[in-house]
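Engineer: This is what each chain is made of:
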Amino acid sequence: MTVIKKLVTLLRGSARELGQSVVDNNATRIYEQEIVDAKASIAEAKTELTAVMAKEMQTARDIERIKGEIRRHEDMALQALDKTEEGLALKVAERVAALEGEMQAQTQAHAGFAVQVGRLKDLIRSAEARVREHEREVSIAKTTESVYRATQSISDSIGSTGSRLTSARESLDRIKKRHEDLADRMAAAEELDQEFGHKALENELAAAGIGDSDKSRAEAVMARLRARRAAGTGDGGAPAA
Amino acid sequence: MTVLLHQLSNLDTLTSAVMGGVGVQLQPIAGEVPVIQVCIEGRDELPIFVTCSDTQLICLCYLWTDEDVRADRRAELHEALLDLNPSVPLSSFGRVGQRYVLTGALARSARAEDVAHEVAVLSDNALDALDALADYLR
Chain A
1 MTVIKKLVTL
11 LRGSARELGQ
21 SVVDNNATRI
31 YEQEIVDAKA
41 SIAEAKTELT
51 AVMAKEMQTA
61 RDIERIKGEI
71 RRHEDMALQA
81 LDKTEEGLAL
91 KVAERVAALE
101 GEMQAQTQAH
111 AGFAVQVGRL
121 KDLIRSAEAR
131 VREHEREVSI
141 AKTTESVYRA
151 TQSISDSIGS
161 TGSRLTSARE
171 SLDRIKKRHE
181 DLADRMAAAE
191 ELDQEFGHKA
201 LENELAAAGI
211 GDSDKSRAEA
221 VMARLRARRA
231 AGTGDGGAPA
241 A
Chain B
1 MTVLLHQLSN
11 LDTLTSAVMG
21 GVGVQLQPIA
31 GEVPVIQVCI
41 EGRDELPIFV
51 TCSDTQLICL
61 CYLWTDEDVR
71 ADRRAELHEA
81 LLDLNPSVPL
91 SSFGRVGQRY
101 VLTGALARSA
111 RAEDVAHEVA
121 VLSDNALDAL
131 DALADYLR
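These protein sequence lines are chains A and B, in that order. Numbered per the numbering used here, the first sequence finishes at 241, counting up by one with no gaps. Numbered per the numbering used here, the second sequence finishes at 138, counting up by one with no gaps.
Quick caveat, the hints were computed from the structure, so don't treat them as lab data. Glycine included, every Cβ here is placed at the ideal spot set by N, Cα and C. Just so you know, not all the hints are guaranteed correct.
[What the hints assert, rightly or not] To be clear about the criterion: a stretch of chain B counts as covered by chain A if any three or more of its residues have a C-beta under 8 angstroms from a C-beta of chain A, and this derived list gives those stretches:
1) 29-38
2) 52-59
3) 80-86
4) 117-124
Model the full assembly from the supplied sequences, consistent with the hints where possible.
Structural biologist: Encoded structure:
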């Protein structure tokens with residue numbers, strides 16, 4: 001969250017002089033290394049997370065299984081008591097006690113895995129945020145560097161070819177003038193074409209009623225209409241071919 | 001440089017096509033970072049420069065310098081630029097050193113067709129902006 005603040009400080013200061021490195025290259029390299037490290041630790045944490053989640057599921061299943069066993073043994077103990085088999089009932093009760101011990105151990109393990117899953121997820125989340133942040137820093141730093149260095153190269157190139165950047169207004173005026181010249185040339189060409197080009201001849205021919213024109217077509221339509229009226233078929237028969 | 005030039009080898013043809021067939025010339029600029037100058041016929045004073053970082057392709061058009069700005073209208077110009085910025089499609093106003101620029105950025109892996117479109121829009125916007133804001137300049 002600090003890179004833009006850093007840039008603001010740098011750009012206000014002496015670093016605005018072109019050619020000077022705007023961004024601390026060493027810091028960029030450190031960030032890049034941190035990105036690599038953070039990505040490696042994310043990959044590692046994800047592998048670990050998979051393993052721990054698998055164990056978490058496994059212990060959950062074990063707990064369910066043990067619960068079933070306890071219930072089954074309790075039922076058997078009750079049956080033994082019903083048949084006044086005190087000795088047998090006690091043996092089964094011992095088995096239940098052992099199962100309860102086992103369940104307690106599994107429950108503790110399960111809780112431990114759940115805590116570990118939460119911790120790994122937090123770790124991945126924070127590492128990913130760190131990667132994103134560093135990538136943004138490096139990207140901004142490198143882009144700034146590129147833009148300043150490119151501007152330096154361009155300034156050098158303009159300097160070495162002897163041409164200098166004309167003032168912005170001059171540039172604008174020249175571009176506009178060129179644009180106007182082009183528009184003028186196109187208008188002039190159009191005018192010339194009207195006067196001397198093939199359009200002029202066509203226009204003259206059309207005026208004399210020669211060739212295809214709106215006027216000659218209109219005459220043809222009129223002739224057709226007159227022919228229809230003369231034939232007395234004013235009721236919309238097929239037009240004459 | 002060779003990578004950028006290779007990636008944009010037909011940028012001249014593509015830009016020309018986008019702009020209705022005007023002449024477009026590419027010129028690599030020597031230096032520490034790859035820079036390609038794109039000259040558009042009739043707009044020789046406002047070339048577009050294409051450069052890149054690891055993650056971005058950046059198109060730049062240098063509009064004017066600090067020196068060109070009328071001192072008495074400087075703050076007004078800056079306000080105008082800030083106000084305009086969100087409205088100008090694909091391009092942003094900015095300043096590099098003493099130079100005011102119009103910039104557009106694309107992904108480093110952008111297709112030459114997309115760069116051509118960016119270059120054409122940037123050139124149109126730059127010319128338009130220069131014309132519109134000329135009153136603030138000497």
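Engineer: Does each hint hold? Answer for all of them.
Structural biologist: Evaluated hints:
| no. | hint | result |
| --- | --- | --- |
| 1 | 29-38 | holds (count 7) |
| 2 | 52-59 | holds (count 6) |
| 3 | 80-86 | violated (count 0) |
| 4 | 117-124 | violated (count 0) |
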